[in-house]
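Protein chains: 2
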Amino acid sequence: MVNVQNTLANINLLEGLSEDIVEALNKQCRWKWFDAQEQIIDRQAESTDVFFIVQGRVRIIIYTVGGKEITLDDFTEGKQFGEMAAIDSLPRSASVMAVERSLLAAMPQSRFMELLTGHPVVAARVLKNMAHIIRISNERIMDLSTLGAANRVHAEILRQARENMVDDDEAFISPMPIHGDIGSRVSSTRETVARVMNDLARKGFVERKKNGLKVTNIAALSQMVEDVRGD
Amino acid sequence: MVNVQNTLANINLLEGLSEDIVEALNKQCRWKWFDAQEQIIDRQAESTDVFFIVQGRVRIIIYTVGGKEITLDDFTEGKQFGEMAAIDSLPRSASVMAVERSLLAAMPQSRFMELLTGHPVVAARVLKNMAHIIRISNERIMDLSTLGAANRVHAEILRQARENMVDDDEAFISPMPIHGDIGSRVSSTRETVARVMNDLARKGFVERKKNGLKVTNIAALSQMVEDVRGD
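Line by line, the protein sequences are chains A and B. Take 1 as the starting number for the first sequence in the UniProt record's numbering and just add one per residue. Take 1 as the starting number for the second sequence in the UniProt record's numbering and just add one per residue.
Chain A on its own, in the form it takes in the complex (with noise of 0.2 Å):
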């Protein structure tokens, strides 16, 4: 970590700006470590700064005050988050915690809304990227409409798995998925999530390693997903 430095060279939303531009912003933003577990934005709060991750895994999070959790997604090394504060000067829509030990680049509203007004391809980017969060929200809501708890949990592994294929029909995630996480991204709990995931072991659909999740017979878990989905 001593390595790292303190530039957004390396952030998506910023590749092909002149070096120039990157060093002018690097000196505009604030630089913070934050550690695992600690809170960054919290919802509701009237901040309207954008955080680009230079190191390290942030999640979204909105909590009820019931004080159940459920995750809208991580994000991690060279993404930003907090743009839409900044875009319409409402409060945070989610809050945000560090996942792991992380570098954050805190830009100011009026800075990040300059680089998008003098850079088309910046603010290009940033519709994209605003659009795949409509997708992926839009794809939540259909899955929380249609498919039971244990389904969800079933299309969660299958998310993962598929990203990380280690061969045609087998993926291996790493490190283990923890039941309370995936119980937040499906909007379930703990509980249900030991229980398909027993169910999943007993099919033969995933495998406990000790530096890992093997998940197998991938082809045959889309398929029972999808036949559910009915999509």
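Treat the hints with care, since some could be wrong.
Any copy will do: because identical chains look the same in the list, a pair fits if it lies in one copy or spans two.
[What the hints assert, rightly or not] 20 Å max Cα-Cα, derived SDA-like pairs, lysine to any residue:
#, residue 1, residue 2
1, K209, W31
2, K32, K210
3, K203, E15
4, K68, V228
5, K68, M224
6, K68, A149
7, K79, S95
8, K128, L115
9, K210, D88
10, K128, F81
11, K128, T117
12, K210, D73
Derived from the structure by calculation, the hints contain no laboratory data. Quick caveat, the model's predicted, so the values are computed rather than measured.
Dock chain B against chain A, hints included.
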């Protein structure tokens, strides 16, 4: 309807653009009337036009193969839809159907993207609009994750009431909301909605009138929803 003209002059997104520019845009659109219930966009279709609503009302819907219909939102005069496929060139994320007879202007993707690049004020509005959609989606994900079907119906009646206030604590929703439409918006069935509405009528929150639904005790209804939502 005969008097409606083929002009984008009243489209919110284009407010402030010069008459010359709007005139030019008018000519670059394909203009078409759609009948009530007519399909405008088919989900997964490869078209990338952006549609402006000059007159009428459309409904954004996801259909599952199982035949379930999930309403994402309704849009009326002055609004646009279909930007997402224009922005990311991916298949349509949802279907769109005319709710009433509607006059639409279809703008080709390339022209729409030039408009965003050439007019930062238009790009800023599109960004705000997408941020709004993401916020609405997050609320729906939260409601689907935490509220039961009956509470979601309460929340939807409350939302519609707030858009149609006639007094401090009273609203009149006209025309009468259709149970199937409410069910589609809150991911529930017509039967459940009918049961919940009867219950609300018994408790004095709603009253069926000839031309619409009278909603009273809105503060109490609101409290009821907030208590369960825990927000």
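Results for each hint:
no.: 1; hint: K209 - W31; result: neither (38 Å within a copy, 60 Å between copies)
no.: 2; hint: K32 - K210; result: neither (34 Å within a copy, 61 Å between copies)
no.: 3; hint: K203 - E15; result: neither (45 Å within a copy, 59 Å between copies)
no.: 4; hint: K68 - V228; result: between (26 Å within a copy, 12 Å between copies)
no.: 5; hint: K68 - M224; result: between (28 Å within a copy, 19 Å between copies)
no.: 6; hint: K68 - A149; result: both (16 Å within a copy, 18 Å between copies)
no.: 7; hint: K79 - S95; result: within (16 Å within a copy, 30 Å between copies)
no.: 8; hint: K128 - L115; result: both (16 Å within a copy, 16 Å between copies)
no.: 9; hint: K210 - D88; result: neither (46 Å within a copy, 40 Å between copies)
no.: 10; hint: K128 - F81; result: both (14 Å within a copy, 15 Å between copies)
no.: 11; hint: K128 - T117; result: both (16 Å within a copy, 14 Å between copies)
no.: 12; hint: K210 - D73; result: neither (26 Å within a copy, 46 Å between copies)
In summary, the structure is inconsistent with hints 1, 2, 3, 9 and 12 from the numbered list given earlier, while agreeing with the others.
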